[in-house]
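For the record, the sequence lines run as chains A and B.
Take the position in the first sequence, starting the count at 1, then add 338; the result is the number in my numbering.
Take the position in the second sequence, starting the count at 1, then add 28; the result is the number in my numbering.
The reader is advised that the hints may include incorrect statements.
Claimed, not checked - Only some residues are given here: those of chain B computed to face chain A with a beta carbon under 7 Å: (1) Arg115; (2) Pro135; (3) Cys149.
In case anyone wonders, no lab produced these hints; they're calculated from the structure.
Beta carbons are placed, not taken as given, at the ideal position from N, Cα and C, and that holds for glycine.
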Amino acid sequence: MFVYVLKRIGAAVLTLLLIMSITFFLMNAIPGSPFLTEKSTPQQIELANQKYGLDKPLVVQLKNYILNYLKGDLGVSLKMQEGTDVSKLLFHQGKFELSIKLGISAILLAIVIGIPLGCIAAYNRGSWIDGFLRVMTTVGVAIPTFVLATLLLIYFGVKHPVLPTNSGSLTDFKSMIMPIISLSFYYVCYIAKLTRTSMLDAINQDYIRTARAKGVKTRWIVLKHALRNSLIPVVTYLGPVTAGIITGSFVVESTFQIPGLGKYFVNSILSRDYPVIMATTVVLAALVIFMNLVVDIVYKMIDPRITLTNKEG
Amino acid sequence: MEDKKLLEIKDLKVSFFTPAGEVKAVDGISYSLGYDEVMGVVGESGSGKSVEAYSIIGLLQSPGKVIGGSITFEGEDVLAFSEEQMRDFRGNKVSMIFQNPMTCLNPVYTIGNQLTEAITCHDKSVSKEEARRRAIEMLTLVGINNPEKRMNQYPHEFSGGMRQRAMIAMALICKPKLLIADEPTTALDVTIQAQILEVMKDIQKEEHTSIIFITHNLGVVAEICDKVSVMYAGKIVEQGSVNDIFYNPQHPYTKGLLASMPRLDQDTHEKLIPIEGTPIDLLDPPQGCNFGPRCKECMKICLSKKPPYAQVGDEHISACWLHFKGNREE
Chain A
339 MFVYVLKRIG AAVLTLLLIM SITFFLMNAI PGSPFLTEKS TPQQIELANQ KYGLDKPLVV
399 QLKNYILNYL KGDLGVSLKM QEGTDVSKLL FHQGKFELSI KLGISAILLA IVIGIPLGCI
459 AAYNRGSWID GFLRVMTTVG VAIPTFVLAT LLLIYFGVKH PVLPTNSGSL TDFKSMIMPI
519 ISLSFYYVCY IAKLTRTSML DAINQDYIRT ARAKGVKTRW IVLKHALRNS LIPVVTYLGP
579 VTAGIITGSF VVESTFQIPG LGKYFVNSIL SRDYPVIMAT TVVLAALVIF MNLVVDIVYK
639 MIDPRITLTN KEG
Chain B
29 MEDKKLLEIK DLKVSFFTPA GEVKAVDGIS YSLGYDEVMG VVGESGSGKS VEAYSIIGLL
89 QSPGKVIGGS ITFEGEDVLA FSEEQMRDFR GNKVSMIFQN PMTCLNPVYT IGNQLTEAIT
149 CHDKSVSKEE ARRRAIEMLT LVGINNPEKR MNQYPHEFSG GMRQRAMIAM ALICKPKLLI
209 ADEPTTALDV TIQAQILEVM KDIQKEEHTS IIFITHNLGV VAEICDKVSV MYAGKIVEQG
269 SVNDIFYNPQ HPYTKGLLAS MPRLDQDTHE KLIPIEGTPI DLLDPPQGCN FGPRCKECMK
329 ICLSKKPPYA QVGDEHISAC WLHFKGNREE
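Chain B on its own, in the form it takes in the complex (with noise of 0.2 Å):
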């Protein structure tokens, strides 16, 4: 088992074909996951861990379009599935939660409606009975109390946390293998974040399911991921386990990130240290790296040629012309 992946993604290429040109929103990014895993995506807004995460679960919407690479799960290509297929796979083997709990859920049915539907719509030999029990499972396995009253609620009787729960509940009423998390704690308040995540890592334990985070939280994939891919600028520059990312980054762009992060065992007076500068332009992008521009450490190189990954450690790569540096010197 522990060799079989979930879902590989190789070379992934996603574009917005755009009025103004063309936008490489994911360029050429690579992954795999294996069953049981959770992996963190990090990066700035605008760097493709969205777009990424659509392309995997066929939500992109027009005009963005995958142009290359493959996406394998379980063996199966999900870039060939026809629209049926696809439509099975959502939901029912992959699914998803939002960023925003409060205009995800249909304001006019009822909770227990829409966590039913989830169900019904695969399985039709289901019956009424069946899955009302067993969406009351999954809100009393999500923290929500008094889960028979709450079924007959409307979204606007919840508060956004336990939209949230909700939005969970539903996310994997069907046993999904693969959640993917799309900022599910962004928009709410930090007492109720940390619930959620609570939450999420208890059902993760529970239910198995392999977990595909979004964020642009480091405290929160320190959390609850295993490892982590960090994103920047359409493409993965570093990815390792998750103590390689916090206690050995090798990435100019992981450390400007945890640079600029408080943390607790930190001197009060010291000072955040921001990435200056701003996210490249993706209409226009620069020959050589994708963060030369901004990189402290920048050299002639990065500003000409795009860097390869070196292999850092075990499971730890990381795209940066300076691992090179020693070799091109011998």
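Bound conformation, chain A alone (with noise of 0.2 Å):
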């Protein structure tokens, strides 16, 4: 067990500098500069470049970057608001913070309904409440989130107006239900069609019918004893979206005006301010990593045949 840690360690810190090496080549081959403005004179960019070591080779850079983080130092902002520590913008100006609580409390709902949904869906399968769950989670899975998102605005903050349009930062429940809900629609949906489907092939198994033949209740055959064994699907799909949804909610960060990281990253790459998108992406990375992490640990404790440290083999 110690020896896969450190492996996954080793792999962790080898996919994070590949990563840095990819978005800074890529970052450097978008045209412009943080520097261009429209009154700035040639001087005036030569300067502040010589200032932030931009006149130096790329490889140089690159490694300047590397070595500065690490020492966990990110660099300073050089364009969105100059001069500051980037690890201060996006950990100490609540950025990540609004990002993560938006993020947890859509993947939270998103599996607190949708899979017993797709529970639901399957126990009763052929019956009307799964046709109607069936046409709900393909309508869902189909619907842009800014469509959703704006459809909740218009309905609930404009023509009803009982929710606050605009969100802030998320300080009470009531700014916090629309955004949370055009998050996570999307993935209520998604979560509740693989439930459903795997928790069919479940059902369809011999150990059910040996669970039927003891005499054990339908409804505990259904949760005891197939729901385990249908949510290593389920469990795949949430690691890698848990941090994607934590970072990429630019859109509902957008449409209800929250101050959170996917806007801000969003910003980051337009203004070319390389070590905010250098940072932005390292945590990012960092934290799909981590839930990769996560969920081969929670697939051990899932599914007793899954051993940890033969998979690396």
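These two chains come separately, so use the hints to put the complex back together.
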């Protein structure tokens, strides 16, 4: 187990280095510069480039990034809030927390609603309940988030103004309702579909017949014997999605005016704020890697046949 | 006690309603089983052996349906049970073990968990420790070494034979009066088969559980059963004691089955005789005897009318026109 964890950490560091390099070259491949404005003169741009080391060869710049990151220094913002530490920008102005709060609530909602919906559909296979859920989930995965978010906004924010249109920093429950629903609806539907399919697969297994022959209650058969066996695909899906949902909620953050990480990330790319792009990407990547580790551990908890240590070999 | 029956099945009919039409999987079978009695049900694949057993325990899957006849267990009408009564009946009074032990245990729960569940789902008042104690006792009974440790292991840590032992332990943990064994040894290799049979025989002697033993292996039947029903295409064609069936078979199908089986007392070079032809299409059964088209001694009447049962011995019946041949000629 110890060797396994070491291996995983090593692999994670390598992955992060690789992602940093790719991100670095990609962001430098975009034309433009953080200091390019209508008013700036070539001399001013050159001076600024010199100040932040952007005049050095790319390989040296990349080396500096990596060395600084190893020291825990994420650099300073070039444009968005010039001169401010990027770590401060990301972690001390509530952006990261906001996105985490929004993302985790959405994922929890998706799990808490999606999995039971899937079970109900599988349990009532072929009935009108199943039919209704099937239509609903299919529609749900087809509707783009911005459409749903806008519809909610128009209906509950403007026509019947019961919920605030500007969610701000999500300080009260009311302001969280619409963003969370619009962010999680797709995932609720997708998880429900996944659960239904794998649940139906599990229900036809021989051990379910054994449980029935033992005289176990039907409800209990579904909840105990079938559900746990059908969770593997759902967990697989949840891992990467959790990381993605936390940072990738740009549309929802824009629609409901939430100053979170997703929106900030997009703005940083638009303004070529290299250190901010780099830091946000690395944070996202680290989150994905971490979630994958969590998924593997959860696998092991769900299915005893899975051994973590042999998997790497 | 002798004349009181544990299970009585009368004219049971089970059909599967498929898009292609009605398939009469079980077509009017009757038999009774006493206490402490082991009956073998023999027949080739698709003869309705398993379907008949599933309908006793209420595990028939749609589109299968019992469409006629009665099943009486200790005087109670099983077919009239509510869902809740049926659930309590299963596992408690009748339990079942299946063909493939590799897939019949839930892979994500320990053996102990699955064994104790069989107790607690019928009797909530049993404490955890008590259930565990009984589970360990059962595991010991079926010959699993080191049961305390085995209780905490998962099915994938058991071999096939061990899993079938665990299945038997699980089936018998509530001391049911009837055990239905649906080809319990078919998926196992021969040495393990013999061990499992030995376990079942021992337990039968000890617990006096009646057993319905479904198999297509006549050797297994000779080993463990008191009486035998031979099924062909949804009907019982011959029924009698083990001795009747093995030493005095009356129905041409039974004779064919026996002739197709290798025997130790046989000459090495003697050929096995297969039953020619294939089983009938149950979607479109013949008008006469189901076995008629494959029967070597088929007569005219066999192709036009279903044969009635003839009492050929004390407890020995056979459904064949041959038994009536003499009478009609007289």
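Results of checking the hints against the structure:
no.	hint	verdict
1	Arg115	5 Å, holds
2	Pro135	6 Å, holds
3	Cys149	5 Å, holds
The earlier numbered hints are all upheld by this structure, with none contradicted.
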